[in-house]
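A.B. asks: Residue numbers (our numbering), protein chains in the order written: chain A, 5 to 158; chain B, 5 to 158; chain C, 5 to 158; chain D, 5 to 158.
These aren't lab readings, by the way, just hints derived from the structure by calculation.
Keep in mind it's a predicted model, so treat the numbers as computed, not measured.
Each residue gets a CB set at the ideal place from its N, CA and C atoms; glycine is no exception.
Warning: the hint list may mix true and false statements.
To give an idea of the interface, some chain B residues facing chain A are shown, with a C-beta separation under 10 Å as derived from the structure [stated by the list, open to error]: (1) Asp25; (2) Pro51; (3) Arg52; (4) Gly63; (5) Phe66; (6) Leu68; (7) Ala69; (8) Ala74; (9) Ile83; (10) Leu94; (11) Pro96; (12) Gly100; (13) Val104; (14) Phe108.
Quick list of in silico lysine to any residue cross-link-like pairs, SDA-like style, CA-CA up to 20 Å [as the list claims (entries may be wrong)]: (15) B:Lys114 to D:Leu130; (16) D:Lys114 to A:Leu130; (17) D:Lys114 to A:Lys127; (18) C:Lys114 to B:Arg102; (19) B:Lys114 to B:Ala95; (20) A:Lys114 to D:His139; (21) B:Lys114 to D:Pro96; (22) B:Lys114 to C:Lys127; (23) C:Lys114 to A:Leu130; (24) D:Lys114 to A:Arg42; (25) B:Lys127 to B:Pro8; (26) C:Lys114 to B:Arg110; (27) B:Lys114 to C:Arg142; (28) B:Lys114 to D:His139; (29) B:Lys114 to C:Gln140; (30) C:Lys127 to A:Val99; (31) C:Lys114 to B:Gln140; (32) B:Lys127 to B:Arg12; (33) C:Lys114 to B:Val85; (34) D:Lys114 to D:His57; (35) D:Lys127 to B:Arg110; (36) D:Lys127 to B:Arg112; (37) C:Lys114 to B:Gly113; (38) A:Lys127 to C:Lys127; (39) A:Lys127 to C:Arg110; (40) B:Lys114 to C:Val85.
4 protein chains.
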Amino acid sequence: MSHPDEARLAIACSEAMHARDDAAQALGIELLESTPGRARLAMTVEPRMTNGHDVCHGGVLFTLADTAFAHACNNRNRITVAAAASIQFLAPGRVGERLVATAFERSRGKRTGVYDVEIHNPKGELIALFRGNAHQIRGQLVPDPESPEGDPSA
Amino acid sequence: MSHPDEARLAIACSEAMHARDDAAQALGIELLESTPGRARLAMTVEPRMTNGHDVCHGGVLFTLADTAFAHACNNRNRITVAAAASIQFLAPGRVGERLVATAFERSRGKRTGVYDVEIHNPKGELIALFRGNAHQIRGQLVPDPESPEGDPSA
Amino acid sequence: MSHPDEARLAIACSEAMHARDDAAQALGIELLESTPGRARLAMTVEPRMTNGHDVCHGGVLFTLADTAFAHACNNRNRITVAAAASIQFLAPGRVGERLVATAFERSRGKRTGVYDVEIHNPKGELIALFRGNAHQIRGQLVPDPESPEGDPSA
Amino acid sequence: MSHPDEARLAIACSEAMHARDDAAQALGIELLESTPGRARLAMTVEPRMTNGHDVCHGGVLFTLADTAFAHACNNRNRITVAAAASIQFLAPGRVGERLVATAFERSRGKRTGVYDVEIHNPKGELIALFRGNAHQIRGQLVPDPESPEGDPSA
């Protein structure tokens, strides 16, 4: 359970980031939930997202997971970027399926963090596992009077 | 140096796959070169491909690399899918940059293979490193009288 | 909850494998638990396991995790080998600490599987995250009248 | 080609680190070469290094690669630790084989770096591919009058 202010800040960060995330918007990715260190997003597979084997392109699945990761690691209002990520493709995503990606923090150090993302299909089957390494850089997503940018250790 | 028939087959496979790869087409990914176990593709970063931090979305970089990987592991005319992949983000991709992804085979077993992909920007800087694990399944991309589908061990 | 026969088989497989695992024995790795698709092993960090920075060598932590992974993916009595693995080092292992590695199956296909391993220190802190890709090959660890080697599809 | 002073410093760092690396010493790992951002080490597979399938334990192969990685990322005399690593197992290591691990820098930022390691067997076959993410922390391996510890930005 996060503090009410942190919960509000997480939503504010995610909404600001989502509004500017043109690549996620282009795929129709929806922001379902954002709490400190966690996020849940959804995307419906469309024909334009398929690859040469007629299933959802691995890059599109990765984009969904990577976007959920970005929300989970940025929603404490510290600009954080991906340093590396890996994905396991367990089952194909099919056209018409609404996929849900759930991201959560596994570890957080002073400047780095490890996040896991799981993608499930509408039957509740796990179709992809993602793990990302995040690296905090300077800057904030939204103005925050409680911990201004000048004090990144806050 | 590959055999002329293998070289022709690689191009035929890649062209067939690229024509059906709607996700790659949607990003304007271009097929530059395909030889057995290798491929080179390009993509120009557009504003619609950026993330909330105003650089190329990690998922779009991954999609470019993953597509190059798919060509390198499918262009011997055996349908091959990604089992897993990892990516290292070394530097951002900027709007207007034409990025080039080069994929090459590091190892190939009976049914599995490991492929590396490097993405460079127009200055020749390495901006991402990708490594993929491929798994051959049943089927061919294009009709091949030399080794019909019925003999997958060929 | 696994079937009593499967539970017995898991223990038999793990005991047979552990007895032959000279590298694990050399590190004093203990088998704590083995159930189908899961395993728990422990190891106490000794001075001879440290690296040039005086903490447990990353390779030794990996060996503990990899051993737990091997038990989780072999204890259904199908010889299974690691194709790939990744590890995140979250905190150092210190001399004298008894580390516990817990492995569990995330996905299992016909011949392949994905397994996660977590290593905790005595304070209950997560110090490493491991993810492995397994590949089943031909053969059994212990004689099994129920599904003899001649029928690997069983 | 590195500057003579940097070349000497790389060897001094590697020798100091190797002397203290008890885990590497216990496996008989030999330091063959260390130049800035690169290193080459060897290890002969012994029966005590095998796993339950009678080939070199994956953890021992990882330890060899991880040690080569540590030399490549520490030999500029900045204490650097592994944040994450992945390994692809391509072919088994056999008892009696002298394996050679070659590590090289793929990318180096202000505090982070990406390193690749390849392990070859005596026939020149590539048996494992490793990729590691390094993170520089405070401190030096050997006293260095040119850039004392007080100025880590040097």
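A.B. asks: With the threshold set at 20 Å, check whether the alpha-carbon distance from lysine 114 (chain A) to histidine 139 (chain D) stays at or below it.
C.D. replies: The hint holds at about 13 Å.
A.B. asks: Please verify whether lysine 114 (chain C) and glutamine 140 (chain B) have alpha carbons no more than 20 Å apart.
C.D. replies: Roughly 14 Å separates the two Cα atoms, so the pair holds.
A.B. asks: Is the hinted pair lysine 114 (chain B) and proline 96 (chain D) satisfied, with a Cα-Cα distance of at most 20 Å?
C.D. replies: Judged against 20 Å, a Cα distance of about 15 Å means the pair holds.
A.B. asks: Do the alpha carbons of lysine 114 (chain C) and arginine 110 (chain B) lie within 20 Å of each other, as the hint requires?
C.D. replies: Given pair lysine 114 (chain C), arginine 110 (chain B) is violated - Cα atoms ~25 Å apart, limit 20 Å.
A.B. asks: Does the interface hint hold: is isoleucine 83 (chain B) within less than 10 Å of chain A, judged Cβ to Cβ?
C.D. replies: Status holds, d = 7 Å.
A.B. asks: When you check the alpha-carbon spacing of lysine 114 (chain B) and arginine 142 (chain C), does it fall within 20 Å?
C.D. replies: Holds, at about 14 Å.
A.B. asks: Are lysine 114 (chain D) and arginine 42 (chain A) close enough, with their CA atoms no more than 20 Å apart?
C.D. replies: violated (29 Å)
A.B. asks: Is lysine 114 (chain B) within 20 Å of alanine 95 (chain B), Cα to Cα?
C.D. replies: Violated, at roughly 35 Å.
A.B. asks: Next pair to validate is lysine 127 (chain D) with arginine 112 (chain B); report whether the Cα-Cα distance is within 20 Å.
C.D. replies: At roughly 17 Å apart (the allowed maximum being 20 Å), arginine 112 (chain B) and lysine 127 (chain D) satisfy the hint.
A.B. asks: Classify the hint on glycine 100 (chain B) as holds or violated, based on whether any CB of chain A lies nearer than 10 Å to its CB.
C.D. replies: violated (14 Å)
A.B. asks: With a cut-off of 10 Å on the beta carbons, see whether proline 51 (chain B) makes it to chain A.
C.D. replies: holds (6 Å)
A.B. asks: For a C-alpha distance cap of 20 Å, please report whether lysine 114 (chain C) and arginine 102 (chain B) respect it.
C.D. replies: Cα-Cα ~41 Å, so violated.
Of the numbered hints stated above, those contradicted by the structure are hints 12, 13, 14, 16, 17, 18, 19, 22, 24, 25, 26, 28, 30, 32, 34, 38, listed in ascending order.
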